[in-house]
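Just need the whole structure built from these sequences, with the hints factored in.
So the protein sequences, as listed, match chains A and B.
My numbering applies: residue 43 is where the first sequence begins, and numbers increase by one.
My numbering applies: residue 333 is where the second sequence begins, and numbers increase by one.
These are calculated hints, taken from the structure and not from any lab test.
The hints are all genuine.
Okay, the calculated beta carbon distance ranges per label pair: (1) Gln-94/A / Pro-390/B: 51 to 61 Å; (2) Glu-167/A / Val-739/B: 41 to 51 Å; (3) Asn-164/A / Arg-498/B: 17 to 27 Å; (4) His-236/A / Arg-826/B: 28 to 38 Å; (5) Ala-830/B / Gly-79/A: 18 to 28 Å; (6) Ala-175/A / Leu-918/B: 44 to 54 Å.
Partial pick of chain A residues on the chain B-facing surface, computed with a CB cut under 7 Å: (7) His-113; (8) Ala-116; (9) Phe-130; (10) Ile-140.
Under the rule of at most 27 Å between Cα atoms (straight-line distance), these lysine-lysine pairs were calculated in the DSS-like manner: (11) Lys-114/A / Lys-222/A; (12) Lys-55/A / Lys-423/B; (13) Lys-887/B / Lys-642/B; (14) Lys-423/B / Lys-106/A; (15) Lys-239/A / Lys-68/A; (16) Lys-496/B / Lys-117/A; (17) Lys-117/A / Lys-423/B; (18) Lys-55/A / Lys-937/B; (19) Lys-825/B / Lys-55/A; (20) Lys-825/B / Lys-637/B; (21) Lys-637/B / Lys-55/A; (22) Lys-937/B / Lys-423/B; (23) Lys-222/A / Lys-239/A; (24) Lys-114/A / Lys-496/B; (25) Lys-117/A / Lys-68/A; (26) Lys-496/B / Lys-174/A; (27) Lys-887/B / Lys-825/B; (28) Lys-114/A / Lys-48/A; (29) Lys-887/B / Lys-55/A; (30) Lys-254/A / Lys-68/A; (31) Lys-637/B / Lys-423/B; (32) Lys-114/A / Lys-423/B; (33) Lys-174/A / Lys-825/B.
The model shown is predicted, which means the values in this text are computed figures rather than measured ones.
Idealized CB from N, CA, C, for every residue including glycine.
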Amino acid sequence: MLEVSKINSFYGKAHVLRDLSISVPKGQVVALLGRNGAGKSTTLKSVMQIVQTMSGEITFAGTKISGLMPHKIAKLGLGYVPEDRRIFTDLTVLENLIVGMQPPREGAATWTQDMLFDLFPNLAERRNNRGKALSGGEQQMLTIARTLMGNPSFVLFDEPSEGVAPVIVEQMAQVITQLKSEGLTILLSEQNLHFAKVVADRAVIIESGEQKFDGTLAELEAHPEVRDAYLAA
Amino acid sequence: MEFFVAQILTGLANASSLFLVACGLSLIFGVTRIVNFAHGSLYMIGAYVGYSLIQVLPGVVGFWGAILLAGIVVGIIGVLIEMLVLRPVYKAPELFQLVATFGVILVIQDLALIIWGPEDLLGPRSPGLRGVVRIMGEPIPKYDLALLVITPFVALSLWYLMTKTRLGVLVRAATQDREMVGALGVNQAWLFTGVFGLGAALAGLGGALQLPKGGADLLMDFNILTPVFVVVVIGGMGSLPGAYLAAIIISVLNVFGVTYVPQSTLVLMFIVMIVVLMVRPYGLFGREEVAGEHGQVGEPERPIKPASNKARMIVGAGLFLLALLPIFGSSFSLVLATDVLIFCLFAASLHFLLGTGGLVSFGHAAYYGGGAYVAALLVTHANTPMELAFLLAPLGAGLAALAIGWVCLRLTGVYFAMLTLAFAQLIWSLVFQWGDVTGGDDGLLNIWPAEWLKSTSTYFYFTLILAVSGIILLRHIAHSPFGYALRAARDSKRQAEAMGIDTARVQLFAFGFAGLMGGLAGALFVFAKGSVFPNELEIARSFDALIVVFLGGVKTLAGGVVGAGFFKGIEETLLRFEYWRLLMGLLIIFVVIAAPNGVVGSLRKGLERSGLIKAGDQ
Numbered sequence: 043m044l045e046v047s048k049i050n051s052f053y054g055k056a057h058v059l060r061d062l063s064i065s066v067p068k069g070q071v072v073a074l075l076g077r078n079g080a081g082k083s084t085t086l087k088s089v090m091q092i093v094q095t096m097s098g099e100i101t102f103a104g105t106k107i108s109g110l111m112p113h114k115i116a117k118l119g120l121g122y123v124p125e126d127r128r129i130f131t132d133l134t135v136l137e138n139l140i141v142g143m144q145p146p147r148e149g150a151a152t153w154t155q156d157m158l159f160d161l162f163p164n165l166a167e168r169r170n171n172r173g174k175a176l177s178g179g180e181q182q183m184l185t186i187a188r189t190l191m192g193n194p195s196f197v198l199f200d201e202p203s204e205g206v207a208p209v210i211v212e213q214m215a216q217v218i219t220q221l222k223s224e225g226l227t228i229l230l231s232e233q234n235l236h237f238a239k240v241v242a243d244r245a246v247i248i249e250s251g252e253q254k255f256d257g258t259l260a261e262l263e264a265h266p267e268v269r270d271a272y273l274a275a
Numbered sequence: 333m334e335f336f337v338a339q340i341l342t343g344l345a346n347a348s349s350l351f352l353v354a355c356g357l358s359l360i361f362g363v364t365r366i367v368n369f370a371h372g373s374l375y376m377i378g379a380y381v382g383y384s385l386i387q388v389l390p391g392v393v394g395f396w397g398a399i400l401l402a403g404i405v406v407g408i409i410g411v412l413i414e415m416l417v418l419r420p421v422y423k424a425p426e427l428f429q430l431v432a433t434f435g436v437i438l439v440i441q442d443l444a445l446i447i448w449g450p451e452d453l454l455g456p457r458s459p460g461l462r463g464v465v466r467i468m469g470e471p472i473p474k475y476d477l478a479l480l481v482i483t484p485f486v487a488l489s490l491w492y493l494m495t496k497t498r499l500g501v502l503v504r505a506a507t508q509d510r511e512m513v514g515a516l517g518v519n520q521a522w523l524f525t526g527v528f529g530l531g532a533a534l535a536g537l538g539g540a541l542q543l544p545k546g547g548a549d550l551l552m553d554f555n556i557l558t559p560v561f562v563v564v565v566i567g568g569m570g571s572l573p574g575a576y577l578a579a580i581i582i583s584v585l586n587v588f589g590v591t592y593v594p595q596s597t598l599v600l601m602f603i604v605m606i607v608v609l610m611v612r613p614y615g616l617f618g619r620e621e622v623a624g625e626h627g628q629v630g631e632p633e634r635p636i637k638p639a640s641n642k643a644r645m646i647v648g649a650g651l652f653l654l655a656l657l658p659i660f661g662s663s664f665s666l667v668l669a670t671d672v673l674i675f676c677l678f679a680a681s682l683h684f685l686l687g688t689g690g691l692v693s694f695g696h697a698a699y700y701g702g703g704a705y706v707a708a709l710l711v712t713h714a715n716t717p718m719e720l721a722f723l724l725a726p727l728g729a730g731l732a733a734l735a736i737g738w739v740c741l742r743l744t745g746v747y748f749a750m751l752t753l754a755f756a757q758l759i760w761s762l763v764f765q766w767g768d769v770t771g772g773d774d775g776l777l778n779i780w781p782a783e784w785l786k787s788t789s790t791y792f793y794f795t796l797i798l799a800v801s802g803i804i805l806l807r808h809i810a811h812s813p814f815g816y817a818l819r820a821a822r823d824s825k826r827q828a829e830a831m832g833i834d835t836a837r838v839q840l841f842a843f844g845f846a847g848l849m850g851g852l853a854g855a856l857f858v859f860a861k862g863s864v865f866p867n868e869l870e871i872a873r874s875f876d877a878l879i880v881v882f883l884g885g886v887k888t889l890a891g892g893v894v895g896a897g898f899f900k901g902i903e904e905t906l907l908r909f910e911y912w913r914l915l916m917g918l919l920i921i922f923v924v925i926a927a928p929n930g931v932v933g934s935l936r937k938g939l940e941r942s943g944l945i946k947a948g949d950q
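In structure tokens, the structure reads:
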């Protein structure tokens with residue numbers, strides 16, 4: 043469904059991604075693993091074209107998206123959940139959801155505010171609170187809910203388990219598993235291998251912007267030397 | 333008591349236009365991060381278009397219809413400006429868009445002159461609202477009462493739009509993080525265009541609404557700009573309730589000021605602003621501006637290097653040619669070259685502040701004009717010899733800069749810039765209104781250099797030596813340990829402080845030093861011209877310097893000087909044409925779009941791309 047082939051991305055002069063290719067088939071959850079600074083976030087931002095790719099090609103559901111504006115890519119059904127949450131802190135929970143609102147999409151679940159409040163009961167209670175009043179976990183949930191309001195058929199999650207309490211991490215894993223069972227295709231970046239094992243079908247490991255491993259989590263399990271070389275303990 | 337109430341009502345009525353223009357500016361800044369200096373021009377067009385429409389449309393319906401239509405027309409003009417001028421430059425370094433809006437100001441000034449002529453147009457009365465109503469015995473114009481009703485109505489509509497509609501939610505979201513709004517599937521480009529159009533329409537409406545009270549003239553654009561900035565800053569950038577409250581405060585205060593302290597009306601506004609910002613650094617309802625928080629992060633700064641030997645030789649050869657000018661040039665070319673040199677020094681001093689210091693001052697004319705006035709006042713009132721005046725003028729300007737910098741540097745970003753503008757205006761209004769000492773609008777005359785510098789060519793050499801030494805000194809300091817500290821404070825205040833750099837002190841000293849060099853340029857100016865008028869302290873003069881620094885290239889060391897030389901030269905050439913502003917404005921807009929890194933920056937990029945020089949070479 044998502045084909046990233048041989049992309050190169052830069053921050054100024056720093057060469058962050060090098061000929062990176064990733065393929066995510068429909069209905070799969072792929073975990074993008076690697077250490078801090080390996081280029082995981084940049085990969086997701088490149089797919090969204092928030093970071094522009096200098097060469098290579100990205101296609102989504104058969105459409106070439108490299109070179110498009112981020113809003114056009116979002117309109118094609120690609121949702122993005124950023125790592126630093128980036129909710130609109132001056133807006134209420136409801137207003138945050140309104141920003142993410144997009145018309146229903148063929149081939150993807152259609153979300154309503156009520157369905158999202160069922161999925162994240164904490165947010166329901168706080169619907170009229172401003173974003174800045176939420177806890178870290180609630181902000182993380184809001185970020186996901188906001189993206190789901192766009193009825194995406196594919197979601198990029200940037201480190202959903204980072205910086206939230208263990209109980210929230212567990213909840214995130216449940217939510218992602220549920221979304222997958224409803225047919226959503228997912229590419230998520232992670233440092234937390236345990237989290238990846240719970241939710242993902244396949245793992246791609248990158249280091250210095252280059253792909254070092256691509257296989258199932260069972261295969262990764264069978265090669266502890268790969269894990270030791272490229273993942274933090 | 334009756335009088336008091338009447339005064340307050342008048343103040344509230346006057347707040348109407350001010351509020352409309354200010355909230356338009358605030359809205360535009362909130363979403364696009366552009367400080368739209370052309371906002372006063374949109375207000376002016378609103379008045380002119382409204383005037384013309386009222387001539388055509390009859391009766392009460394025609395009058396109000398014309399005002400509404402004027403707003404719509406200006407809104408459309410705003411949309412065009414956004415699409416044609418600003419869209420191509422959103423990705424340029426922050427604040428570069430400012431320069432484009434300067435260009436728009438110039439273009440609109442001449443277009444208004446061409447279409448409506450130079451005479452002031454007397455505002456048409458509103459049909460049905462010609463007389464006065466007596467409230468507690470005091471006459472209140474009926475039109476004022478109408479304004480009293482209209483403003484809250486417009487304010488409420490805007491509030492509804494911003495809080496209750498999806499569009500309003502999107503606008504507020506984009507104010508905070510426009511990149512994220514884009515990633516959620518919202519086309520920012522249209523959001524920007526829409527907001528710019530709405531802001532422009534509000535300005536146009538404000539201009540048309542004040543017609544029965546003030547009419548239309550060609551000075552409206554700059555005249556409204558200062559109070560509007562003051563209102564937006566006092567209220568808090570991006571806050572509508574803040575703009576409303578601040579517009580009322582300023583207008584009511586102004587009405588009372590006219591009655592009780594007529595000499596200080598201009599000063600009053602700035603004192604209020606300074607007091608408010610000292611207590612609430614982000615205005616009454618504003619919040620802290622975090623520059624480049626999300627979205628607008630430009631290319632990292634390139635390290636600057638001392639000029640290479642080759643570059644030094646080229647500059648040296650240029651200076652040698654310049655020094656030969658008195659031998660083969662005409663006396664006109666000498667005067668022109670002197671003017672350009674002075675302006676180069678002035679621009680270089682601002683460039684030092686902007687480029688090396690990262691401190692965007694909108695009021696650098698305060699020190700240039702300040703230096704000129706210090707020298708002129710010393711000569712006029714104390715018969716000071718020229719040589720001493722040349723020493724004291726930069727010192728005076730530098731001290732003023734230290735004092736003003738001490739206050740302004742408590743703020744950052746756009747608030748800092750606005751506060752520097754306010755202080756510059758404060759000094760301008762002091763000079764303008766304190767006629768006994770400064771000569772007011774008539775200026776100070778007969779400030780000639782000493783006998784040994786009387787001839788044009790000696791004065792040219794004198795200017796050449798002082799200006800070039802000044803510019804070299806400024807460059808030298810950028811490469812000194814102090815310059816390193818200043819650049820560290822610019823790039824990361826916190827990290828610089830963690831390394832033990834007292835960033836507040838470093839920046840204050842830089843501000844003072846830039847003021848000092850600006851003052852030196854001012855002193856050179858006053859003795860070259862023999863006179864000085866308040867317009868050397870005006871916003872327009874500060875803008876001149878800003879334009880050339882930005883157009884030259886903020887991020888390059890030579891940018892200020894090259895920009896100043898280039899554009900002063902072109903301006904002097906264009907001045908011969910009747911509509912030079914139009915040409916200059918179009919040229920500025922063209923350069924902004926064609927060379928978004930400034931002339932020097934874009935030139936270097938072009939050379940790098942073509943392989944003529946290596947990346948990183950000077």
